[in-house]
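Kindly generate the complete structure, drawing on both the sequences and the hints.
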Amino acid sequence: MTAALVLKELRQHWLAFLLVAGLAAVGLMVITAFIALEGMAGSLLDALGMFLRTFFVITALVICNRLVVVEYQSKTQLFLQSLPISRLHMIVVKYLLGLLLLMSIVMAAFVMLVLWSARNEELTVNFVLILAARTSSYSWCVYSGFFMMGLLGRYRVAIYLFAMLGAMAVDTLTKLDLSRFGPFALLDDRFAYERFNWPTQALYVTLGLAAAFVAVTFVLSLVREGSVASLLAEKMSHREKVFMAVMLLGFVFSVTVFDERAAKQPFDLPGALVEQKGDVTVKVSLGASADEERGRRLARLVADEVAALQEYLQVEQFPPIFIVQRRDLDAVRYERGVLDGAEGLLVRANFLGERWQDGRFLSWLVRELIMLASDDRVKFEPNMWVLDGFALYWTCHDIGSKHTDYATLDLRAAYGMQRGFTADDAARWLSYRERVGEDIAAAVAWSGLMSLRESRGEPSCRAFLQTMLDCDVPGDARGVWHEWRNPLPKVMARDAGLPYDQFTAAWSNELETRRQSRTEDLARIPKLSGTIRFASTSASTRIVQFDIKSDPPPASRFTLIHVKLPPFDDELKVSELHREEFQYDSEPSGELPGSFARGTRFGSTFAVWVEQLGCEIISGWTRREMR
Amino acid sequence: MPTPPTLLKTEDLSLSYGRVPAVDRLNVTVREGEIYGFLGRNGAGKTSTIRMLMGLIRPDAGKIELLEFRGRRIGTKQKQRIGYVSQEQHFYPWMSCQGLGRFVSGFYPTWDSAEFSRLLQVLDLPPHRKAGHLSGGMRVKLALALALAHRPPILILDEPTSGLDPVSRREFLEIIRLQARRNNRTTFFSSHLIDEVERVADRVGMIDKGHLCYEGDIATLHAAVRRVRYLDGEVPADKQADLAEADLAEAQLAEQLATRPEQASDSRLRREFIYKVESHGFTVLRDDFEDPSAMILRGEPAAWDDAPFAPSATSKLSLEDIFIAIAGEATPQL
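From first to last, the protein sequence lines stand for chains R and L. So that you can map any letter, position 9 of the first sequence is 19 in the numbering used here, and since no number is skipped, the others follow by simple counting. So that you can map any letter, position 286 of the second sequence is 333 in the numbering used here, and since no number is skipped, the others follow by simple counting.
Below, simulated SDA-like cross-link-like pairs (lysine to any residue); rule was C-alpha separation at most 25 Å, straight line:
id, chain 1, residue 1, chain 2, residue 2
1, L, Lys256, R, Glu235
2, L, Lys177, R, Leu20
3, L, Lys363, L, His269
4, L, Lys110, R, Val233
5, R, Lys85, L, Gly179
6, L, Lys177, R, Val79
7, R, Lys85, R, Glu250
8, R, Lys287, R, Gly297
9, R, Lys574, R, Ile542
10, L, Lys124, R, Glu19
11, L, Lys177, L, Ser164
12, R, Lys245, R, Arg166
13, L, Lys124, L, Glu58
14, R, Lys85, L, Arg186
15, R, Lys85, L, Gly90
16, R, Lys85, R, Val16
17, R, Lys245, R, Val167
18, L, Lys177, R, Glu19
19, L, Lys56, R, Glu235
20, R, Lys389, R, Cys406
21, R, Lys85, L, Gln127
22, L, Lys256, R, Ser237
23, R, Lys85, L, Pro140
24, L, Lys56, R, Ile95
25, R, Lys537, R, Gly630
26, R, Lys85, L, Met101
27, R, Lys537, R, Glu522
If you're looking for bench data, these hints aren't it; they were derived computationally from the structure.
Right, dumping it as structure tokens:
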């Protein structure tokens, strides 16, 4: 029976097999000739890799198409099934025959090139074995994949198209490097040169993939008495064709849209000071200033910190950092520039200002850098306190004395507790930030991480942070999947070995301890409150009037920070905030310059700089519509 | 004459596609040397039964006995002893008739090349013509030649003549009949065409909605199922009360609906007749479509001998009428 079936296949497909074998031979000779004569590569064995990537794929595709698709599309498998031969026998014979033919071609190419190369380079047994393992595993995997696809009948072309477009999309839109995956990794740049190390991981993945393809092949061909493969081989209906076309167009459109968004040109600061550490790049532009020393010091500091951060969080790569000196900025406030279509973190800061603080800047920079590298995935509100806390935690946890004043941080955290903090606030972090201000909220979050480190130790805390702040997880659907699979309580229990409710209880206790130990200091911090009124100047215009109260009165001027809110509540954007400073006098009330249209949604808070805290405190953001 | 041994038998063979039952506890018995016509409407379960008999699909339940085999599913070895002609022939179009013979010969240890060549000649098939260039009739004949060339003890044909013109069909049936008679070859063939079954089959099995409605020889079937006109007769004592009650109800209904008095009289005669024949062991299959005062009854030979109506009131039916009476639906009201 086997012989009859094999003879039938050979009689049916001999011409196609012969042509494709001839094409493969010609292709191999052309590739080899180019390499040998033009010196395209360092080793003749590179020709084998190129052959496997190109002509071999065509050969495998044609052979599988002839053996599977032709049989099922012409329904002649039904004739075979009526003969005394089992479906399993039939499919095994076809599979092995195709594999044998293909492997014959591959092995001929392999032997030819190995023998040829042996004349010019020394080939060890281990090297040849590695090469053979790479070649045979890849060949088996590709062949099995095409054989399986043949059984998918009318959907196979659509799946090929989707797979190709998907691979291109993955390659261009994500950081995922397909060339490092399974069968592709076997044919990487080391294919013709790696003489000692076996590509174990890639081999396992490839062989596993091939086995999976074979399993699916047999399931498709045998399940439900072979009717699945028969039905799949039917021609597409008009409705299916339209559906596939729409899907394909939609896919291409989506990829194009994402591609436009993801296409980033390299950004550069001409004439900037450059500091490189590992693959971390920091460029500092001094602008009109001539204080190169301070600029170089800052660049070195940032490069050191970011390189250490990269190692700490096990991040593959951070984007380059560009710092631009801006004399008009307050030295304790920083701006993040917008890089349309360019990659990198652009920062504007007045690092030559008198109030400049390295620690403060670094904690801000770390937060921005992680947000950028993770496509803002880490800003998921229930987890956001980890990001805010980590920015401070990082700048002080082992070089703290250099950059951060623990006592000040401690007082900020105590103040945050005084303003009220519960476990629910951690889950609604944006609301809490708007209530106490960013700096105070960050200190509260920092105290949470300190509490975790003290109870579970630094390695556990680090494992927890690595998962929560994983910058290699993209911010798209995969990020959503990652968040769904790794909710904060689960990660804390798994990586830090601490149940979340125990953690929040310990965190609250620690904050309360801090608050009680700093009662006297806290009494000196102004208690800030205020009211906003909208007075009408006409039917359609309003002005903003306010009253402010501070006990004790602030040592400096106070600020009314305000913003026109968009139609829907969202996180306040720092770049859109307006600040108006006022003198706090005996009648602390006033009016904002300018007028607003009736119906404007107005967000505001009063803020005052408190020296003991080293930051601003706020009365708390309010959002109201002007009636 | 002794009954020939059984060659093929199914025991409670069942198959369903999802929740739809295709074959339900089917019990057929095919004896050696006979031509067994497997009759059924489209979708009655004929092809599913044959696919199970050929081992192409596994029954959900039941057993198949074929020659020495007894089990749920026919294997390769048993298939080598069956000649099979499927409903549609999916030959390799690039193979010639002779090439197909060469290819198929590899699957049957008992293949007889000389017999195949003879069959090609007898069936008037050009040996070198490619299968893709054969007409529908020729393809069926080629399938028959391929099925017979390994000299199987049993031939299974799944509606082989569907799609053939009347001449080709008649020719094909004649070949089937002759080869069965000459070689004493058991033949099991399915069809929904009554006349072709009647022409060649010794025994028939009638399947409807997966159930076997009748199995036996055609003459017995003709004797068992006849058309009978209503005649007066005595109603048994135990049915009198029922009849009186039914009469009263009918009269009331007739009064309400102002139906014609003669209609009530017809109905009474009909009911009386049903009571009468049922008490004599008959089964009323249905009213006759053509004669409103006639019914089609089924009864054992003894029941017909002792029938409560005159022999002149009965008339024989064609196999088609019998088939429709057994397997047909009621005539749709247009």
